[in-house]
Amino acid sequence: MSDRGDRIREYLRESADRKLTIGRMTVSRLAIFGAGAGIVVIAIVALGLLLFGKRTTGLKFSRADVVTGYSYRMKDDRITYRTEDRIYTYDCAKNVSTYFAAPRIQGYDSSSTMTVVYAGSQFQIQGAGEALTLTNGTILDVRAGRNYAALLYKTPGADRNERFILIIDKNMHSVATLSFKDGDVVAFDFVSAGSTELLWVSTMDVGQFTEECIVRIYDCGRSGAMIHYTSPFYNQAIYDLYLSDRCMFLIGTHSIIRYDREDDGGFSAERDRVRVYGSTIVDFAAGAETAYFIALPVAAEGEENSLVRLITISETDDLWSNVMQKYMPSPIVGAFLHGGSICVFTRENFLQYSYAGKKLNDLEPAHAPVAAFRYGEDGFFLVTEQGAYRVTLG
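Count along the sequence shown starting at 1, add 179, and that's the number in our numbering.
There's no promise every hint is true.
[Claimed, not checked] Computed list of lysine-lysine pairs in BS3-like fashion (alpha-carbon distance at most 25 Å, straight line):
1) Lys239 to Lys538
2) Lys239 to Lys537
3) Lys239 to Lys273
4) Lys239 to Lys254
5) Lys273 to Lys254
[Claimed, not checked] Here are the in silico distance ranges between beta carbons for each label pair:
6) Tyr278 to Arg325: 19 to 25 Å
7) Gly466 to Tyr418: 41 to 47 Å
8) Gly400 to Pro510: 39 to 45 Å
9) Asn414 to Trp499: 45 to 51 Å
10) Pro411 to Ala467: 28 to 34 Å
Derived by calculation from the structure, the hints in this document are not laboratory data. The C-beta atom is built at its ideal place from N, Cα and C for all residues, glycine as well.
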């Protein structure tokens, strides 16, 4: 009986030793497994942050020779701003800054080739000679093109509603004088069609029951000959115009209106109209058979906007359009079309999306922008509280 009891006690002791050994092995394996799982979790989190989180790298900043604290305009890759007695022009692509001494001016405009200023009846193009004076005319606004400038003015002897536009060349020689009696000039500017430079003018006639807007287009190289005018647009104003290789797009307060370009340099009748009421078009890019527009909702006074819309319009006979929108995490400073993508600077972020809406980048700029512009094919110009910078995505 004793031997049997001893065998039982020996079995129990061996069984306990086996369980202890197995338990130790299990704990060891669990520890190894836990450490490996922790490494995997950390790797997954890091990958998620890399793909979907914010990064502080990816934008390359280069200091620009621009003084901060002023109001800036971007046109033809040049930033222009006015101080107390000078107009500065900064070429973003060349990183070159120049100035024009103009202590007593009322307004100005600048392009890639010229800066034109005016005050009262006098006007001057930088580097083209002394200021000239309009006979019996007061200048209201100016636009600078590549080879021409346009002066909007009124004369006291004409009908009180009549306005004129004087087209001049780079040497301040008169090219043509245009008269507008049927409505106020609400917008005008130059656009290039290959080697041809066109001037477009939008006028608004406020009648008894409705508003009528008409756009006229002039060929500056043919002494300002009018080559196209539109049917009236009712109850909306046209404030911008874009050209692609295929089409012309008029940008209105309610719609984008499409026309086809003809082989003779003219334009067809209206082909399509896409409603954009409540939005302002801020950028444009043309694809092979489609045109893309960035639209920002018009914010009420005192409000800030965090919504970006991409409007896509067909340039073919198969008429169609599409609107995609994205909400940003903070108020928008600038939104652009860049390299086949949508790029948005907010007060805190830089975000990039594909045209299909997929997020490609979410970065934290080294310097938070207060103003943002696009230039060239791959550049941005940012004004921050620390200074002004040329910025590239790399």
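Review point. Which earlier hints turn out false for this structure, listed by number in ascending order?
Key: 7, 9
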